[in-house]
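Work out the full structure, taking the sequences as your base and the hints as a guide.
Each chain, letter by letter, is given below.
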Amino acid sequence: MSLLAIEVTTPAPVLDTPIAASARNAVKIYRTGDTEVRALDGVSVDFVQGRFTAIMGPSGSGKSTLMHCVAGLDQLTSGSVAIGEVQLAGLSEKNLTTLRRDQVGFVFQAFNLIPTLTVEENIKLPAALARTKPDPEWLATVIDTVGLGDRLRHRPDELSGGQRQRVAVARALASKPRVIFADEPTGNLDSRTGGEILAFMRSAVDEMGQTIVMVTHDPIAASYADRAVFLADGRIVDEIQSPTADSVLNHMKTMGD
Amino acid sequence: MLKLTLRTLNANKIRLALTTFAVVLGVSFVVSSLVLGDGLRNSFGSLSEEIVGGTDLQVQPVSDFGTAQPLDASLLTAIEEIDGVHHAAGQVVADNIQPIRADGTPVSTVGPPLLGFSWVDDPALSGFTVVDGRAPDRGLEFTIDEDAAAANDMRIGETYGIVTPTGRFEMELVGMVRFGESNATLGAVLSQFPLETAQNLFNRSGQFDVISVAYDEAVDREAVQAAITAVLPAQVAALDQAQLLDDAKADFNSGVNIFNNILLGFAGVALFVSIFIIANTFAIVLGQRTKELALLRAIGASPAQVRRSTLLEALIVGLVASALGILGGLGLNYGLRAMFEALGADLPESALILAPRTIVVAFAVGVGVTFLSALAPARKAARVAPIAAMQDSLDAPRQSDKRRNLVGAALMVGGITVGSFGLFGTIDGTVGRIAVLAAGAVLTFVGLALACPAVAHPIIGSIGLPLRILGTAGDLSTQNAGRNPRRTASTAASLMVGLALVTMAMVVGESIKQSISDTLASEVRADYIVSSDGPINSALISDLTASGLFSAVSGYRYDEIQVDGVINGVMAGDVEATDRLFDLGITTGQLTNDPFTVAVYGPEADEKGVEVGDQLEVMFPSGATETLTVSAIFDSSTIVDDNYFISIGEWDRRFGQSNDWWAAALLSEGVSSESASASLAGLEAKYPQVGFESQAEFRRSIESQIDQMLVAINAMLVLAIIIALIGIANTLALSVFERAREIGLLRAVGMSRRQTRQMIRWEAALVALFGSVLGISVGLLFGWGAVTALPDSLVSTLAFPFSRISILVAVCGLSGLLAASFPARRASRLNVLDAISHA
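Chains as they are written, first to last, in the working numbering: chain A, 41 to 297; chain B, 8 to 846.
Among chain A residues calculated to face chain B with C-beta under 10 angstroms, some are:
hint, residue
1, Asp114
2, Gly145
3, Phe151
4, Ala168
5, Ala170
Footprint (simulated), chain B over chain A, 3 or more residues, beta carbon under 8 angstroms:
hint, stretch
6, 128-137
7, 153-160
Some chain B residues flagged as far from chain A (calculated, every beta-carbon gap over 10 angstroms):
hint, residue
8, Arg48
9, Gly275
10, Val462
11, Val619
12, Arg764
Simulated from the structure, these hints should not be mistaken for lab results.
No residue lacks a Cβ here, since even glycine has one placed at the ideal position from N, Cα and C.
Okay, structure coming up:
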């Protein structure tokens, strides 16, 4: 018994690059009546800190489910997920909420902002919910980078779609989360505005060391990432380092075969 | 389109239920009022038949005004001699004939009278049959109705005290009687005495109050009636069976109708409040379905089709709600009865009568109100542009409210004008005045409801300030409550109406109480006020005087006289003692018991143009005319609330022996209330019907009467407030539904369930407080108007019960919190993923 305990507490080998979020043998099964859908079928993946990962795959491949489970919005049927060192399984709803608030940032496809709050209030929202004050210097940097300094007092309905997504990214960045999950962040934007948002996310990784995990089905969006992971039928089927639009597209074609 | 309407309703059962609930409550209240009224009318109808019984004709004294003189006993002999008269019986009746139980405590009721009758040995004429023992025959013996005997444990053969207007007597109980077939006395206690005894006890020696006649079989009834009428002196009338029945029913029904109309008035308030809620719900639901409606328009539905579909939906909701309301009303009928019985009213048992009229009214009201409420939202729905199907809008664009505000302001001004006309204008009759006032109030409320979105944002912003300490959840509550001023305003408007009425009632009640306190302090010098549920014993006045404790004692009685062809109230007492007991505000002359004098109320003297020393021609109910000299002019109408005040001596000459209704007494100098208390306790034991109240006790008992009345009024207005709170819960539940994505986003970025619940709850509290602030402001204004309009003799001081009002505000805020618990729970349990992914 004591031997076993010693074994467990033996420090794991220190990695060169820490893991921001991870999944191990993640299985997610949806049941509707008699039919059973295995949305995730044993996925293991690490998202390394300070890197930009794109999760790709056709509709129904499980890419959104993977993101939702890793981000603590949904629960696995079996397997485990972790944000940093914290295992999500068994966390109470309250602790999950706190974890999301402090460790995770979100950018959704649409409807990222609270319409009654100003741009500035939206950016400070997670901190306000935690009843803490965001680091003012960091906030200034974020706002500066987003380039919306003159719009802080505006309401979301006075902004363009691209501007709204930039505010959403700024909000995600403001709390210095361990990882930002972005779900088709450019899905509702035209290609030029979408490019701006992706470039902005890229720079957040390069200049601020932010970790970003983005779900997308757009090869061009994936080309902004450091790494593209491909899912099909709930399994990881492949991955590419430093993807380009062409390499991703080629890859998707071979997968289609 | 019908199929679509039905599917839509079916798909939104919760929404439907919430919308329906407000209508159901309103309709239930209307139905229960009608059912209760019908039931009461029915049981009073059968009671009337029992009262009339086998009497073919009744001879009664009549007069154009005031109390008629009793019949002379000789009239009975004259009637008995007429051909065709089978049997005639004279009877005397008196109120406040109180038996004393074996343990020495008096028999008492709350409301129903204690009646004494002379025995008539013919059940057809009297309505009484002996069920045990025998009839009262002579001397000091009596019978009592079987239920009163059972309730008070009275036994045949025992001797009990009986308190009468002429004193207390010990009498033997010789029998028990039943009134009619089932002894339906409605809670009254009925005692019977031998004729001569009753005449002596009730101050009716040689006199009758009524003579009842039964005809021989198979006679020409009209001929007999004509013959009887021929022997009647002036101021005496004969009423046949049909007239007697009509009179009895009309007597009861006028009471039931007043009661019923008051209940229906409250039901009207409840329905008025529900209109705001239903309209609001329809507006929100249709707003949420904008895309669906736009899609319908895009694929070819005409605006008229969209409007018809919406109105059809309202029609179905109205039908369902009315049907449920009828069921609810039958249940609520028992609730209302229980409430009135808890408040001391003894309502007769009555059958549950669901008249066809009630069903028609229920459907007309339920469907009408729902349909009316849906008109505006349906018009708006029909105007949805097809392009809206393709757009993604966060919030409905702000519309210009300028016209709406103008219309609202105009309605408010109109309402207040109409209301002032009702208060100060020249309208005859209370009903007309109330109708005009109600119309003014409705206009004012509608105007306010229209205009109040304009003030919603600033007011909510300022009352929401303290919520900042709750952090973001509090901030968001304030923002959310203010984000759609129209919705907030119409949600709050329903609460406003209820609270305005409650506040008004409270202001009027408080002002009356304050006025009484002020009057007592400034105008009452008497140390004791003696009062009773009925007439007080005349012997008491002489006992009080004989006790030697008091320097001034007077009893007071009331009747009517005619001056210059106008019927006026007259009050009588010991005028000189009254001068010491009260400050009547004598401007000229002196109060005196001198014969042929009268004191006149200032404004009346001005109108008649008389001064002290002038002569007044006065006609009494007997028809006799006298000339009285004006001895004094008084200016206060609090104590002497009639225009004319005469001495007891003067009274006895014109009205014969009669009873006092209350009395006042002033302690002699050097006698303290402590030293008097022993003698007073003795008198209270001797006259169990009366209560001796010191100034403070008298004030308290009047205050508690006013409070009791306020409780009854407010209990019924609470229904309107409950409907309003349901409206808040309803609106919020729909808002939560509408804002699902927003709440999902908040939850995703780290709002805890607790914070979510807090956000929704405080939003409700803010809306409730907003409604309270508006309602109470309006209520204070209305209360001021009502107090101004009421006569000075009733209210002379304006008082605001601020502590009670602040409690009211707090209760409403808290109820708002409570009302929000269901939507708040829903919001906090929202599945984050579903909320976000369902675009």
